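Chains as they are written, first to last, in my numbering: chain A, 23 to 348; chain B, 9 to 335; chain C, 690 to 1118.
A few of these clues could be false.
Computed footprint of chain C on chain B; a stretch qualifies when at least three of its residues, placed anywhere within it, have a C-beta under 8 Å from a C-beta of chain C [what the hints assert, rightly or not]:
(1) 113-126
(2) 131-139
Here are the simulated lysine-lysine pairs, BS3-like style, with alpha carbons at most 27 Å apart [as the list claims (entries may be wrong)]:
(3) Lys1066/C / Lys934/C
(4) Lys54/B / Lys190/A
(5) Lys261/B / Lys1066/C
(6) Lys998/C / Lys1105/C
(7) Lys132/A / Lys160/A
(8) Lys978/C / Lys839/C
(9) Lys310/A / Lys288/A
(10) Lys203/B / Lys160/A
(11) Lys227/B / Lys839/C
(12) Lys189/B / Lys203/B
(13) Lys227/B / Lys208/B
(14) Lys190/A / Lys238/A
(15) Lys938/C / Lys977/C
(16) Lys227/B / Lys324/B
(17) Lys1010/C / Lys938/C
(18) Lys934/C / Lys1003/C
(19) Lys1105/C / Lys1003/C
(20) Lys207/B / Lys839/C
(21) Lys203/B / Lys234/B
(22) Lys839/C / Lys324/B
(23) Lys190/A / Lys160/A
(24) Lys839/C / Lys208/B
(25) Lys839/C / Lys234/B
(26) Lys839/C / Lys260/B
(27) Lys1010/C / Lys978/C
Just a few of them, taken from the derived set where beta-carbon distance is under 7 Å, the chain B residues facing chain A [as the list claims (entries may be wrong)]:
(28) Asp63
(29) Pro65
(30) Ala70
(31) Gly73
(32) Ile76
(33) Gly77
(34) Leu83
(35) Glu105
(36) Arg110
(37) Asp174
(38) Pro312
The set of hints was computed from the structure by calculation and includes no laboratory data. No experiment lies behind these values; they were computed from the predicted model shown. Even for Gly, the Cβ is constructed at its ideal location relative to N, Cα and C.
Here is how the chains run, residue by residue.
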Amino acid sequence: MADNGLTPELMLDMYYHMALARAVDDRMWILNRQGRAPVVYTSNGHEAAQVGSAFALNRGEDWICPYYRDLALVLAYGMTPREVMLHLLGRADDPNSGGRQMPAHWGHAKLHILTGGSVVATQDVHATGLALASKLLKDGRVSVAYFGEGSTSQGEFHEALNFAAVHKLPVIFFNENNGYAISVPSRKQMAVQDVAARAQGYGMPGVIVDGNDPVKVYEVVKEAADRARRGEGPTLIEAKTYRFVPHSSDDDDRAYRTREEVQEAKKRDPLILFEARLREAGILTDEKLKAMQQQIKDVVNDATEYAEKAPLPDPATLGDHVYGSL
Amino acid sequence: MAVLSYLEAIRETLRQEMRRDSRIIIYGEDVGVRGGVFRVTEGLQKEFGEERVIDSPLAEAAIVGTAIGAAINGLRPVPEIQFADFIFPAMNQIIQEAARIRYRSNGAFHVPIVIRAPFGGGVHGALYHSQSVEAFFAHVPGLKVVIPATPYDAKGLLAAAIEDEDPVLYFEHKAAYRSLKGEVPEERYLIPIGKADVKKTGRDVSIITYGLMVSYALKAAEELEKENISCEVLDLRSVRPLDVEAILTSAKKTGKVLIVHEDNLTGGIGGEVSALIAEHALFYLDAPIVRLAGPDVPAMPYSPPLEHAFMVSPEKIRDKARELAQF
Amino acid sequence: MAIETVTMPQLGESVTEGTIGQWLKQVGDAVEKYESLLEVMTDKVNAEVPSPVSGTVHKILVEPGTTVPIGTPICEIAVEGAELEAPAAVPPEAPGASATQEPPSSAAAPQGMAEGRGRYSPAVRRLAQEHGIDPAQIAGTGAGGRVTRKDIEAAIHGKAQEAPTTVAPAAPSGAGPVGAAPATAIAAVPSAPAVIEDGDTVEPLTPVRKVIAERMVRSKATVPHAWIMIEVDVSGLVALRDQIKDEFKAREGVSLTYLPFMMRAVVEALRAVPQMNAQWNGDSVVMKKRINLGMAAATDRGLVVPVIKDADQKNIVGLAKATQDLVQRARTGRLTMDDLSGGTFTVDNTGAVGTILTYPVINAPEVGIVTMESVVKRPVVVDNMIAVRSMVNVCLSFDHRVVDGADAGKFLQVIKKQLESIGPHTSIY
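Let's have the full structure, built from the sequences with the hints guiding it.
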């Protein structure tokens, strides 16, 4: 743990972002069940994979291309809880889309979070393209595409890996494998056990990592980023994890998985595991935890109130930003 | 002034633009060592190197998708789709991504790319090497679609497309590549996207068209002059955005409008042009608006009689314009 | 023995021409079908082109280094025997292609393009309405005799061409602007050509004549004219005029005619029936505030209608002077544009040419025109006795869209009453 660059302060900050994401996530579900947010997509269970990877990157400089599951990722990357809530409630000042996209369609130009649509795997080729430019411009940036295992059935996933490997581009393909594409289990998605096995076919390293361990994720992403910056090409990383709640606020996971399975998975809740580890290492104390929990509560309350009071978009702006010039 | 073919005008413009702006890259299938299957990019890799003229893997969605990413990270990609018929695997990237990124990010991101693609038939290319695909894209807000009709326009429109901050589809007619020649100035110039051009003035009938059909319409107009029928030929140059003012001006002037395109009739550009005229120039119309277009069959067949029957020709344009003049 | 022509083949999509590299066979050489015959260079490929037939090279038509379009004959091969193989190089137009009909859906031709007679395009309807032209009166030159936009424009053209002349009142030799003309000038645009025989002369239309013709046609074609007449006993007026005319001339410098009296009466009638002082406006009627009386005046260039502005504010002397002034200036071509515009109703002194009954044409967009015929002595019944009285007929054409017969009758009754109330002692001031 000593030679990976993670100081106790950074570890504590990692934990803070994981806990913050969980709290924001919980608040969003409450707002949904109160009828104040039409739909919610969760990162609940994925926090370690997302936060661990974010900390391994040059945040705000390297490009990330997230998908809808990546709340913890964008928070760790610098998006504020206020901005997340503005996005959830479709407010005019939402930096992701100004209230145009449905929740969890992240995008933040200043933070180098690429805007995404809803068709899965499109961001894989975008990340490859961002990396193509980085290679030519020698800007030292690494691009990371984030995606679920379901989207690895898409052609663009394979096209992106192939293109990136052929041209040795500084890109990381980061798979968050939680075993389900909404309701379809991974065994119906693919005939191989691991997404990482795909890498071999494209001529790049494929790495499997425990997605519930933020430090391990941090380490493999750091290594892949270093490799990319050295001009050695892309890496496919598969973070094995679990989603503890339904796919979205409109989903009911009881239709496709047992409560026992979910309960069993929760024993490896990354938040609980990491908390225990930090306590063991003396980094986190009761006192610090209590203060952090209060801070998170305040931040989430503030973000909710702020967003609810924020103005909605003016209908007159409906036609803005179709073209840059006409 | 040098006389260049349509193809040479495109190639020399690419060369001139790449010399001007080091952010411009070209890639696609066979564009590098081979210089493209039509030789449009011939010699460019030699001059600009493998990093800027890239032979990419054979995957259209990746070609366009990576271009989007590269554009956002600071390059000015000019990807080539080898044949317009092969653009469909990239439809999602063009329509859902390139066209919507500015809008969906509330102006935070934009995608300055130019997708070049040879299109059109009459070259024994059959179903999958002859299609006109412009109408699919003209339907989409956020995209610009230009189709030059002359070597001069090919240069000015390509430079303007590269300069543009929005995604532009630049369709080049295969039959025009070597058959159309004309004077092209050496110096750089821009033809504004969205501005039509009156290629010939006339009194009796307005022929509104674009691409290769412009030269066909001019041939038809020339023949009709001998019969004392005066046709105006309006080259749209951009099918999105359309130059509404130029369309209405010509329609009002003659009161008789023939719209010509090689693309299938139904849902084609002609329908849109026709609607604009019906909405804004009804009381100037002296005859029904007439469309002459590719028939509603899935694509252009291979065997010569079938291909000939599909293609709009100068003779078909002439006959239809005459009929309209006499109406 | 037959001669087979070899043409420049199309070597690749988009290729339109080829350059002869070298001939691999020379004149007199035997060549097998599929054996290489020549090299062709295009900007896509360099290729050896095989012979389409077996035979002997008979003639080489294109020299090496020359570029020719595809389909151009490049050499001839003499073939043994009568049976000829089809040439491999397909001519650009496939046989039978020209006979191929284009599929019906490829051109959305309008249905019944030729069935245009009696139905007008939007452009024709608009122009016809704007210029008051009845398209039914125009011979169509379109398909099936349809009236085209050009036909309508041609009908308007005459007027448009004369417009600069009409608005150039300062030109001394100019024809002078023209207004409505009385029934004595029944002109029209003939729809049937005149028959010209030996000895006839053909006078081209003067600009003024063209304008008169156009306006007459427009008025008669678009305004539903109705016509009524009334007899007026002007014995008192005649007596008054006879009594004061010499003194009037001496004092005022102008002759005293019946016209100013008629104008006074018309002004009173217009006040009583204001809808006669109006203009037709398509979907509305404009009720005019001012009473500006047009008066038809004959000149040797044609008829003009100068206007006496605010006629209701002038007495007999004022009207007499204004009338005289306008007639003088009309005859010498010195009317201004202002003199000719702004009329709200027209009075025509047709009696000056000796008529007793006239059917005048309305000066559209005005809605009425009234004439004063010759004053004649006639035996009439007065108080159950036959008496010789000075009588005059007053005729009125009116736009029946605006004015009904009852009001038109009332209008004439007011004129009659006014004129008959004048006696030898009526004051003209």
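Here's how the hints hold up against the structure:
1. With 1 residues carrying a beta carbon less than 8 Å from a beta carbon of chain C, the region 113-126 of chain B misses the three-residue requirement, and the given coverage is violated.
2. For the region 131-139 of chain B, the assignment as covered by chain C holds, since 4 residues bring a beta-carbon within under 8 Å of that chain's beta-carbons and 3 suffice.
3. About 19 Å separates the Cα atoms of Lys1066/C and Lys934/C, which keeps this hinted pair within 27 Å; it holds.
4. Only pairs whose Cα atoms come within 27 Å are accepted, and Lys54/B paired with Lys190/A is accepted, the gap being roughly 21 Å.
5. Among the hinted pairs, Lys261/B with Lys1066/C is inconsistent with the structure: their alpha-carbon atoms are about 62 Å apart, more than 27 Å.
6. A distance of roughly 23 Å separates the Cα atoms of Lys998/C and Lys1105/C; the hinted pair therefore holds under the 27 Å criterion.
7. Of the supplied pair hints, the one linking Lys132/A and Lys160/A holds, its CA atoms being roughly 20 Å apart against a limit of 27 Å.
8. Between the alpha carbons of Lys978/C and Lys839/C the distance comes to roughly 39 Å, so the proposed pair goes past 27 Å and is violated.
9. Of the pairs offered as hints, the one joining Lys310/A and Lys288/A holds, with about 24 Å between alpha carbons and a cut-off of 27 Å not exceeded.
10. With a C-alpha separation of about 38 Å, the suggested pair Lys203/B and Lys160/A falls outside the 27 Å cut-off, and the hint is violated.
11. Note on Lys227/B and Lys839/C: the hinted pairing holds, with a Cα-Cα distance of about 25 Å set against a maximum of 27 Å.
12. Distance check on the hinted pair: Lys189/B and Lys203/B sit about 22 Å apart at the alpha-carbon level, within 27 Å; holds.
13. Taking the CA atoms of Lys227/B and Lys208/B, the gap is near 11 Å; set against the 27 Å cutoff, the hint holds.
14. For the suggested pair Lys190/A and Lys238/A, the alpha carbons sit about 25 Å apart, so the restraint of at most 27 Å is met.
15. Note on Lys938/C and Lys977/C: the hinted pairing is violated, with a Cα-Cα distance of about 34 Å set against a maximum of 27 Å.
16. Between Lys227/B and Lys324/B, the direct Cα distance comes to roughly 11 Å. Compliance with the 27 Å bound is thereby established for this hinted pair.
17. Our distance criterion of 27 Å between C-alpha atoms is met by Lys1010/C and Lys938/C, whose separation comes to about 11 Å.
18. Annotation: proposed proximity of Lys934/C to Lys1003/C holds, straight-line Cα distance about 19 Å (limit 27 Å).
19. About 20 Å separates the Cα atoms of Lys1105/C and Lys1003/C, which keeps this hinted pair within 27 Å; it holds.
20. Taken as a hint, the Lys207/B and Lys839/C pair is honoured in the structure, with Cα atoms around 23 Å apart against an allowance of 27 Å.
21. Our distance criterion of 27 Å between C-alpha atoms is broken by Lys203/B and Lys234/B, whose separation comes to about 30 Å.
22. As the CA atoms of Lys839/C and Lys324/B are separated by approximately 25 Å, the hinted pair is consistent with the 27 Å bound.
23. For the hint linking Lys190/A to Lys160/A, the alpha-carbon distance of about 13 Å falls within 27 Å, and the restraint holds.
24. Distance restraint check for Lys839/C and Lys208/B: the Cα-Cα separation of roughly 20 Å lies within the 27 Å cut-off, and the hinted pair is therefore satisfied.
25. For a cut-off of 27 Å, the pair hint linking Lys839/C to Lys234/B stands: about 20 Å separates their Cα positions.
26. At roughly 13 Å between alpha-carbon atoms, Lys839/C and Lys260/B fall within 27 Å of each other, so this suggested pair holds.
27. The suggested pairing of Lys1010/C with Lys978/C holds, with an alpha-carbon distance near 23 Å, which does not exceed 27 Å.
28. With a cut of 7 Å, the hint placing Asp63/B at the interface with chain A is violated, because the nearest CB-to-CB distance is about 10 Å.
29. At a threshold of 7 Å, the smallest CB-CB gap from Pro65/B to chain A is about 5 Å, leaving the interface hint in force.
30. Given hint, Ala70/B at the interface with chain A, holds; its Cβ is 4 Å from that chain's nearest Cβ, closer than 7 Å.
31. At its closest, the beta carbon of Gly73/B sits 3 Å from a beta carbon of chain A; the interface hint therefore holds under the 7 Å criterion.
32. The criterion of a C-beta within 7 Å of any C-beta in chain A is met by Ile76/B, whose closest approach is roughly 6 Å, and the hint holds.
33. Hint on Gly77/B holds. Least Cβ distance to chain A is approximately 2 Å, under the 7 Å limit.
34. Hint on Leu83/B holds. Least Cβ distance to chain A is approximately 5 Å, under the 7 Å limit.
35. For the restraint placing Glu105/B at the interface with chain A, the shortest Cβ-Cβ distance is roughly 6 Å, inside the 7 Å limit, so the hint holds.
36. A cut of 7 Å between beta carbons decides the hint on Arg110/B: the least distance to chain A is about 5 Å, and the hint holds.
37. Against a cut-off of 7 Å between C-beta atoms, the interface hint on Asp174/B holds, since the closest Cβ of chain A lies about 5 Å away.
38. A cut of 7 Å between beta carbons decides the hint on Pro312/B: the least distance to chain A is about 36 Å, and the hint is violated.
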